[in-house]
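There are 2 protein chains.
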Amino acid sequence: MKVPSSLDELMAALRCLPGVGPKSAQRMAYHLLQRDQPGAVRLAGALKTALERIRHCEKCNSFSDDMLCELCGSARRDASLLCVVESPADLLMVEQTHSFAGLYFVLAGVLSPLDGVGPKEIHLDRLLKRATDGVVREVVLATNFTAEGEATAHYIGELLGARGLKVTRIARGLPVGGELDHVDAGTLAQAVIERRAV
Amino acid sequence: MKVPSSLDELMAALRCLPGVGPKSAQRMAYHLLQRDQPGAVRLAGALKTALERIRHCEKCNSFSDDMLCELCGSARRDASLLCVVESPADLLMVEQTHSFAGLYFVLAGVLSPLDGVGPKEIHLDRLLKRATDGVVREVVLATNFTAEGEATAHYIGELLGARGLKVTRIARGLPVGGELDHVDAGTLAQAVIERRAV
Numbered sequence: 410m411k412v413p414s415s416l417d418e419l420m421a422a423l424r425c426l427p428g429v430g431p432k433s434a435q436r437m438a439y440h441l442l443q444r445d446q447p448g449a450v451r452l453a454g455a456l457k458t459a460l461e462r463i464r465h466c467e468k469c470n471s472f473s474d475d476m477l478c479e480l481c482g483s484a485r486r487d488a489s490l491l492c493v494v495e496s497p498a499d500l501l502m503v504e505q506t507h508s509f510a511g512l513y514f515v516l517a518g519v520l521s522p523l524d525g526v527g528p529k530e531i532h533l534d535r536l537l538k539r540a541t542d543g544v545v546r547e548v549v550l551a552t553n554f555t556a557e558g559e560a561t562a563h564y565i566g567e568l569l570g571a572r573g574l575k576v577t578r579i580a581r582g583l584p585v586g587g588e589l590d591h592v593d594a595g596t597l598a599q600a601v602i603e604r605r606a607v
Numbered sequence: 410m411k412v413p414s415s416l417d418e419l420m421a422a423l424r425c426l427p428g429v430g431p432k433s434a435q436r437m438a439y440h441l442l443q444r445d446q447p448g449a450v451r452l453a454g455a456l457k458t459a460l461e462r463i464r465h466c467e468k469c470n471s472f473s474d475d476m477l478c479e480l481c482g483s484a485r486r487d488a489s490l491l492c493v494v495e496s497p498a499d500l501l502m503v504e505q506t507h508s509f510a511g512l513y514f515v516l517a518g519v520l521s522p523l524d525g526v527g528p529k530e531i532h533l534d535r536l537l538k539r540a541t542d543g544v545v546r547e548v549v550l551a552t553n554f555t556a557e558g559e560a561t562a563h564y565i566g567e568l569l570g571a572r573g574l575k576v577t578r579i580a581r582g583l584p585v586g587g588e589l590d591h592v593d594a595g596t597l598a599q600a601v602i603e604r605r606a607v
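Taken in order, these protein sequences are the chains called A and B.
With my numbering, the residue at position 132 of the first sequence is 541, and numbering never jumps.
With my numbering, the residue at position 186 of the second sequence is 595, and numbering never jumps.
So here's chain A without its partners, still in its complex pose (with noise of 0.2 Å):
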């Protein structure tokens, strides 16, 4: 059976969320059509405001409606940490913990050489800028533990040590209410390798 094609359309256009399927999608579709149209206005209006407003930060390069985000803007943040994620998600899920108080620097990407991806894409640039404006004190690297991530860590790490800087990594290791016997074995490895005095 062919379903219309404006609604054929719509189940395509959805599966460009991800985690959905043809089949999420097409429980959506039906969903926003017979149960929630105001839902689905609602849906079309925020895509397009998001789309149109949503620019970089020009301080630290996450997303902002403005020229500078609300975080860059504040005078209660700790200025002298600078804390190096991936991307604008990261900075959201670092700021969610509250266990950090300083600014930000959100790299678009990390290294991958392979793919075109060098320091000048990722703007190292405006980072080497921004940390060695007197103010940084210590860089806290935040990128991912996956092998482009720690390239890049290591990469940063090179770079702004050699112009004196303090820069951290946050801490691999067994996760919070975490058991020795439910846990990988690269991660119980790091754990023991870099365990600290109590």
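Calculated from the structure, these hints are not laboratory results.
Any given hint could be a false lead.
Remember, identical chains collapse to one label, so a pair may be satisfied in a single copy or spanning two.
No farther apart than 27 Å at their CA atoms in a straight line, the calculated lysine-lysine pairs in the DSSO-like style are these [as the list claims (entries may be wrong)]:
#1 Lys432 - Lys457
#2 Lys575 - Lys538
#3 Lys411 - Lys468
#4 Lys538 - Lys432
#5 Lys411 - Lys529
#6 Lys457 - Lys575
#7 Lys538 - Lys457
#8 Lys575 - Lys529
Given chain A, work out where chain B should sit, using these hints.
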């Protein structure tokens, strides 16, 4: 942390999708803005187009871009068989089984007196007119096996049976590949009661 208001509204709007909670909405919003802005443009457009173009087929009441849906306009369907379902999504489910060659009538819901939904609200007058047009020989009731779906099927059965029409109900029983010790007692009981000659 307050995220930019346009991003915040996008996350809120995404929650109108079924099965999407705050965490998924956050992941979806960041995904669209960070990695798939063309996808976001496409989705906004598809929602707008579907909302503008989708209407109900004049004959079967399902979704259609035109006055008559493709199924009702097809000469290859058996017009003497009429399947009654609760929603356009249910119609699609039956169609996807390729087990039914007739036409459909989509109720606008199910009878639910407590919610003020009576025979008029679910277009039973239109169904009665359609079923007694002289072409339809058998009406297959495929409403859900919920209390409301069963009550609606019973009501329609009485209504059409009184006009001498053949009315059938889709079968209850074990699912294909089902095992007795994995099925609930109610389903197994019905399968025993509604057993058929082999």
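Using 27 Å as the alpha-carbon threshold, which applies to Lys411 and Lys468: within, between, both, or neither?
Cα proximity of Lys411 and Lys468: across copies only (17 Å, versus 50 Å in one copy).
One pair to classify: Lys457 and Lys575, alpha carbons no more than 27 Å apart. Within, between, both, or neither?
neither (42 Å within a copy, 51 Å between copies)
Reference check for the pair Lys538 and Lys457, CA-CA at most 27 Å: within, between, both, or neither?
neither (34 Å within a copy, 44 Å between copies)
Homomeric proximity label, Lys575 with Lys529: Cα distance no greater than 27 Å
Within one copy only: 22 Å inside a chain, 74 Å across chains, cut-off 27 Å.
For Lys432 and Lys457, with the copy left unspecified, which applies at a CA distance of at most 27 Å: within, between, both, or neither?
Both ways: Lys432 and Lys457 sit 25 Å apart in one copy and 21 Å across, limit 27 Å.
One pair to classify: Lys538 and Lys432, alpha carbons no more than 27 Å apart. Within, between, both, or neither?
neither (48 Å within a copy, 34 Å between copies)
Within a copy, between copies, both or neither: where do Lys575 and Lys538 come within 27 Å Cα-Cα?
Within one copy only: 15 Å inside, 81 Å across.
Within, between, both or neither, where Lys411 and Lys529 count as close if Cα-Cα is 27 Å or less:
neither (48 Å within a copy, 30 Å between copies)
Of the hints listed earlier, those the structure fails to meet are numbers 4, 5, 6 and 7, in rising order.
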